[in-house]
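In the order they appear, the protein sequences are chains S and W.
Numbering-wise (the working numbering), the first sequence opens with residue 1 and increments by one.
Numbering-wise (the working numbering), the second sequence opens with residue 1 and increments by one.
Keep in mind that a hint or two might mislead.
Listed next, the in silico DSS-like pairs over lysine-lysine satisfying Cα-Cα at most 27 Å (straight line) [unchecked claim]:
(1) S:K86 - W:K464
(2) W:K236 - W:K272
(3) S:K89 - S:K76
(4) W:K272 - W:K212
(5) W:K464 - S:K89
(6) S:K234 - W:K464
(7) W:K237 - W:K220
(8) W:K276 - W:K237
(9) W:K865 - W:K843
Because the hints were derived from the structure by calculation, they are not lab data.
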Amino acid sequence: MVSPAIALAFLPLLLTLIIRYRYYFVLFYRAVLVRIWRDCVTGLSREERAFQYVLTHATPGDPDSILDAFDIWCSKVEYISNIGPKKGKILDRLLMEQSPLTVLELGAHCGYSTVRIARALPLGARLYSVEMDQKNAAIAEKVIRLAGFDDDTVELIVNPSDEVIPQLRSDYGLEKLDFVFMDHWKKCYAPDLQMLEGSGLLGKGTMIVADNVLFPGAPKFLRHIRRSGLYEWKVHRATLEYSTGIRDGMAELVYQGTN
Amino acid sequence: MPRSNLITSENDIEIGLDLAGDEEEEEEEVSTLQEEQRRERQRGRRRDGDRERKKRKNDRSRETSTAGEGEEEEEKRERGRRRREKSDRETEGRERNTEGNGRGKSGKTEKTRKNIKNEKTRKMEAEEEEEAGERKTKKKKREERTKEREREEEEEKPKLTEKKKKKKKKKKKKVETSSEQESSEEEENQEEDKEEEKEVRPESLTPEELEKLKEAVDEKKKLIQGLRGKPWPMKKKLLTLRESQEFVEKYEGALGKGKGRKLYAYKVMMTKKWMKFQRDFENFKTACIPWEMKIKEIESHFGSSVASYFLFLRWMYGINMILFGLTFGLVMVPEALMGRPYGSIPRKTVPRAEETSAMDFAVLWDFGGYAQYSVLFYGYYNNQRAIGWLKFRMPLSYFLVGVGTVAYSYMVVIRTMARNANESGVGDDNSFNFSWKMFTSWDYLIGNTETADNKFASITTSFKEAILEEQESRKDDNIHLTRFLRVLANFLVLCCLAGSGYLIYFVVRRSQKFALDGLENHTWWERNEVNMVMSLLGMFCPMLFDVISTLENYHPRVALQWQLGRIFALFLGNLYTFIIALMDEINLKREEEKIVKFNITMWEASLHNATESENSTAATVTIIQPADVPRGPCWETMVGQEFVRLIISDTMTTYITLLIGDFLRAVLVRFLNYCWCWDLEAGFPSYSEFDVSGNVLGLIFNQGMIWMGAFYAPCLPALNVLRLHVSMYLQCWAVMCCNVPQERVFKASGSNNFYMAMLLVILFLSTLPAIYTIVTIPPSFDCGPFSGKKRMFDVIQETLESDFPAWFGKVFSYASNPGLVLPFILLMVLAIYYLQSTSKSYKEANVELKKKLQTQNEENKKKNKRAALKAQMDLEEARKAAIKTPEHQKNNNASVKVPEDGDEQHRGSQRQNNCRNGRNLPPPRHQEQPPPNTRAPVSRSYHYGNQGPPGYLPGHPRHSEPRMCRAPNLQRH
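The following block holds chain S by itself, in its conformation from the complex (with noise of 0.2 Å):
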């Protein structure tokens, strides 16, 4: 049917389009693929197996060694998404700057981020974490338990964030949160934001800090900050976490009221 060298001519796009988007196939292939084969083989999902390596590689009360633990697990053995090393130092340099005393975290994950939040802030800070996922929940729950940050400082709270949001103000008597970090759903960025404006929780200054918007991305989120005009903000640009070539953001808001 179609003769041979026709095809070969589509040689160079086929090798040009592998050379240019390598880094997406090696993600895939390290996030889906070996993901896949691994819980085909184990028997155990990708947190169970991320938790016993650092189970066994960290040491136990020490934030420091359980997130290098977690790096490591990340960037040699498999892939989450967490935080990842280069942006959670923007992360941290920001908490540190604004030492805040009420702290939201979306999306804790398997809670590499939530150690990383409880690790920098101060004393007498307290920090709400939302899960959706039990399995991943409870996992969160051990890793903090791990690194030695007890119920005072972080408030795990197993919930989505949709229906944790509304009630933050009458269920855990919270007036006002300093600092939010988002990192669940990309697509819940946008209408979580919504919420959390109309609950009035957010006051002047608060910092409200996304990751990923630009990979795997939260237009509508970006869209919506760019528009409301409600916020000062900046992306931080950056690499994906644990990898050098995808190009990542991480927006960086601050509530400047409705006025």
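Starting from the known structure of chain S, fit chain W onto it as the hints suggest.
Quick look at chain W alone, frame taken from chain S:
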């Protein structure tokens, strides 16, 4: 009052002019309904609109000037009010009248009605003037009366909305101003008014006043001229410019005297009109340049590099138009009009075997069938020496046009290159890298914020890179790795080139096999394999090169040049592989031709024998249809067809890539972004950027193919013109609608000549095979204008022998004697060498001069520094001295001032000082002076100067000054 009068006089003339026009129009409106007149009227309206604006301006000024007038005006105003009311009513009536007339008219008048409403005030004045001129007809009077009644009724209606009221108020105001002027002139004829004014005006202004005004105007003019050089912020400049222009405009008319003034006003008006006309003409000229506005728009959005592509495209279009004109006008049209018609001889007829499918679309699309046997291709032309009643030398014309197109192209390309070289000979030295970057990197034609952001980012990155480069040039640690990577990249590219070359060669050979088998047995894919493969490789390989070039880590500009060079090599390799394969095919055809020639002689002989044996001589020979005559494979037509097909497939690929790669992608990205799990716009597919280098190269190679194939297919320039025309629109649209500005916006000024150089190389390389085939391969025996000759260029010799006198041939043969040609060439080489060496020496001199300038600059700087230091020292000394004797200076000041105040001789110039003194204002200027410093003497001389008005005191604003001073003057006169 005097000044206002002065201004209005100019207006009067204009109003008068207006009136003439207005009345005409109005009459037309009433009397006729014809379209032409309506159009005329509209034109007139527009004209009047301008005047109207001017008038309003003047009205305003009049208003302001009359604001402070005395009681005597009251009377006149009363009279004016009465008149105004009357005129108001009149105009209302008039308007309704015109509207009533217009109701029956077409939509055109509907549009003009807005205009009518806008110019109410103008009409009012018109009415008044009409009245003054006593040109009212009885009919109008009747109308007036009826309308008056109507209007009164209307006024009683309390339903008027606020807006309407406001409008009316405005109207009244305007009428007020205009009627005031009227009232001052009394209810006389216009002519009388003017004369009266002439008498009044000189009285209103003293000669001193006039002189002062003149001076002020001159000063303002000077200011306007020298404004550009002033070290002010732009805002201030603009403000001053506007102010002084207004001033000049306002008072310029006042300067003429008596009769000359009318002329002067006329002159001013004419110069203004002339300037406006010139501006319009310039606009018109720009509008006449094809696609100029489009390109400008693109330039503002995407920067000059993208625009340079479109400029190049336009230039190419122009050249192709000329090529097209040559081939179309001198080859195709004469053949179509005067040559033998289709079907008269074998070469102009579709062979019997192909006749059934000759009109099929598939065949025509491949330029077979009827398309092949038409003026579009070489084979159709007859070798008859002269055709038609003009005795047009067709073969000669064909040959000369073929040569002429190439010669013309060479000439144009080289001339353009030379011109560009002159323009861009300055900025290529690397001695001031950072300051060049600092001061020249902005692209001032960018008008889009996004592009501006990109440009900003690219400038910052270029700075960063330049700094890094500077640093790296000092340490250079990992040079081996970079070198290795570069070598590797080049190796990969070479592999790619070789692979693509081999693929094309393979495909062409295969297609020859198919052709021998007969094309009907193969699928469409196999038949179009060559073109498809060439287009696809040309499209995809540059992408691969681009990816590979990231290995090399070059500066973007260098990387771009490498990229261009590689794509160039690829295209050239592909083209030449194609040509080599074509040569093989030509040789095959010629083999075939020999056999066919032999067969034909056999066939003719047999035919001859048959006729002889049958003994019926001429009848049977004529019976043979031209379609049945066996004929050779015309290799020239084959070559032409190949090129035409190549061009067509290339064009199609370009357009399809544009539609799929740009448009479809943009649509998908835009609309899938609402429901996709990652950000398509900022992330992976994104919108495409405009690929300048690829597009330019595509254009250049396309042109190369045209030059190569135009000799064998005269339709090629026409096709190319069509293609360029379409691609101009398509690409303009595609760029504006689906591309985003490049991330690295770079200026294109330097790359223009690069394109030209490439074009020249391609021109040379593409004429090479064409000339080779023309010179070495004998033309086919039974098709084309040169059939029957040994070589194609024999046609010139033939013409020389038969069409020119014998002596001319002799001269030509002497001139073409190698003994004469060789010395001539030698002389040319020597001349070139000489010119080149002189230009080199000039260049060196230039460099020397540059160096000299630089050193001189440095010296100057040093000198200036020294001078500045010295001046500073002096200043300080002077300051010290001044502090020591402040009181002494004060006394000095006072002593100077006192006698001058009493001086009567300087009355004219010192009037303002006097005036202030007369009003018992204390003139303690010298006491208010800032603590004495070095500038004290300067401020003292201020009092002597009679040019500018002296400084105004805080409590007494500027505008009250002149009038207070003028009052005694007026009395004196």
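Comparing the hints with the structure gives:
{"no.": "1", "hint": "S:K86 - W:K464", "verdict": "holds (23 Å)"}
{"no.": "2", "hint": "W:K236 - W:K272", "verdict": "holds (26 Å)"}
{"no.": "3", "hint": "S:K89 - S:K76", "verdict": "holds (20 Å)"}
{"no.": "4", "hint": "W:K272 - W:K212", "verdict": "holds (25 Å)"}
{"no.": "5", "hint": "W:K464 - S:K89", "verdict": "holds (24 Å)"}
{"no.": "6", "hint": "S:K234 - W:K464", "verdict": "holds (22 Å)"}
{"no.": "7", "hint": "W:K237 - W:K220", "verdict": "holds (13 Å)"}
{"no.": "8", "hint": "W:K276 - W:K237", "verdict": "holds (23 Å)"}
{"no.": "9", "hint": "W:K865 - W:K843", "verdict": "violated (33 Å)"}
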